[in-house]
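Using the sequences provided together with the hints, build the complete structure.
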Amino acid sequence: MEKFIFGYLMSLFFISSNIYSQSSNLSAKEIVAKADQKLRGKSNKAEISMEIIRPSWKREMSLKSWSKGEDFSLVLITAPAKDKGTVSLKRENELWNWMPSIERTIKISPSMMSQSWMGSDFTNDDLLKQSSIVLDYNHEIVGEEKIDELDCYKIKLIPKEDAAVVWGKILMWVSKEGFHQLKTEFYDEDEILINRMLGKEIRQMGDREIITKMIMIPVEDEGHKTVITYHKIEFDISLNDNFFSMQNMKRVR
Amino acid sequence: MKENKNRVTICSYLSFTLKSLWIFACFATSLSLSAQEEKPKNYSLSGYLKSLQTVSFQDINGDWLTNNFLHNRLNFKWYPSQSLTVVAELRNRFFYGEFVKGFPQYADLLEEDNGFFNLSHNIVEEKSFFLHTILDRAYLDWSSGKWQVRLGRQRINWGQNFVWNPNDIFNTYSFFDFDYEERPGSDALLIRFYSGLTSSIEFASTIADNVGDWTAAALFKINKWEYDFQFLGGKNKKDLVVGTGWSGQLGQAGFKGEVTYFYPYEEQDKFENSVIVATTSVDYTFSSSLFLHGEFIFNNKGKSKEAGPFNVNEPLTAKTLTQTKFSLFAESSYQITPLLKSGVSGIFNPGDNSYFIGPSIDLSITDNLSLFLIGQIFDGPNQSLYNGIGTFIFSRFKWSF
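Chains as they are written, first to last, in numbering that gives the first Met the number 0: chain A, 0 to 252; chain B, 0 to 400.
Treat the hints with care, as some may be off.
To be verified - Keeping only pairs whose Cα atoms sit at most 30 Å apart, straight-line, the calculated DSS-like set for lysine-lysine is:
{"hint": "1", "chain 1": "B", "residue 1": "K145", "chain 2": "A", "residue 2": "K44"}
{"hint": "2", "chain 1": "A", "residue 1": "K182", "chain 2": "A", "residue 2": "K145"}
{"hint": "3", "chain 1": "B", "residue 1": "K145", "chain 2": "A", "residue 2": "K212"}
{"hint": "4", "chain 1": "A", "residue 1": "K83", "chain 2": "B", "residue 2": "K40"}
Just so you know, the hints here were simulated from the structure itself, not pulled from any lab data.
In structure tokens, the structure reads:
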């Protein structure tokens, strides 16, 4: 079943979101929107690795990813060997996996999409709802703090009443310069801290400076973390809609 | 004399292996030289090494029979140009154990190649061991614009369900053969046209030396209302076939199905002897990772009672997926930890009350090494489908590269 979950990756960080602002909390919302937009672009192509770290073991996977707007994504697993060549294609609300060893395309059911993701510390809600940190929350600047020696806005996100989100509260530290999301804390409905996400290693990638390492740490479990590293990423590249086709899913490498 | 013969056979096998290794090394070197400037590389080599141990018995207190094999797979792909791909995949298995000794016909049975070309060979065959090799993929693939043409031994997979695939008329597989994920290939020509981003029309034909063995059919695939639909028609050996299949969703659950109608055009009573095989499946995954999956198969010519004995030797076809009229499949799996997955599957034949149970555990030891333990328990009343088959317990280490 793990393979089916790979498909999820596509919704990970690449879905571009529409930014529209409300009159209330305009500046806080704008800051979050800018940070959110930073990693997305109109389209992008990336090479990424993900490490799942536990006290007694570690697993790593690598992939190539292409995405365009909110609707189209393609992910190719390049490591480990047992999953190499598996491709996931997302077109609007539909998701397919291509399993080269058995020459078969498998359509992913909606419930398969909603399970925990690859045993990592990212919950599916973190991954799927990432694009909604702008739309599903009310934002408020609650202070200013330094993170890794950079001046940051500290922003509190409280979900809107009708929003289907799992978190009760999110605290986010966004650098004043560059709008890097350097630290994020996820709280449950009882305001207990569950996960802490750190953004590290700001580097020039393509036309912009971005965070190239994201570390998700479950607060309760000592020695547990998931590290996502961007090795290469190009933004706003030209990708035809044809790229995200059943045909290309079987050809991409 | 016997010992000498053994020595000669082993020596000749070693020399064969060394020779093939040498040829392969030269080939790989020349490729890597020619590939130096290209990115990504214009070839890939992957595969795995497995060690599978089997214990089988009728009664746990009775005699146990062991069967073991080392299993190596080599997948080689070469991309000489943008549009051309050359693929060769080799499956090598070294068998040893009591089963090999007890069933001398085992090696010969495996050596038989069901394809047009004979690409299966027992390199060495002795009383207690044998080494079998088969080239189960060997094809050229040419893709340009919206067209794709593939010629050679290939897998043409038209299935939609997970367990029973009546639409998969080119190379049907058995659910019980869990160690052959890639499944057999067929010697065929495939021409595919991608009419849209999620639709295609394809024509496939096997290579055969008589009409009765020949399969040729067309498949049309389309995506509509967030469902994948497919329609097929053609000839499958001694039947004319039409069929349809789908993959979609009912609410949050996956919903798949396949139906194929077989019309024996040569027979006297064509309509009476025509066969419909239909399957449908539903799957659901809970957020806890608990996966539930049920599948149902209907075969109008299947036996509604006493469907046994189970014929393991007859090659499986889309028409003979089950010997029963109805069968039910259910499966559940759960990720206990990120490294440990448990599952259990079962088949029940309501006509004769026979059943199959398959509990399993899959453990990831490192990124590329895993241990898989699975049981296959067959039982049922006298004359029923799974009566007298017994219990099989498998343990498998797999190292992928």
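Results of checking the hints against the structure:
1. B/K145 / A/K44: Status holds; Cα separation ~23 Å.
2. A/K182 / A/K145: Given that 30 Å is the threshold and the Cα spacing comes to 11 Å, the pair holds.
3. B/K145 / A/K212: The given pair, whose Cα atoms are some 39 Å apart, is violated under the 30 Å limit.
4. A/K83 / B/K40: This hinted pair holds, its Cα atoms lying about 15 Å apart.
When the structure is compared with the earlier hints, a violation turns up for hint 3 alone.
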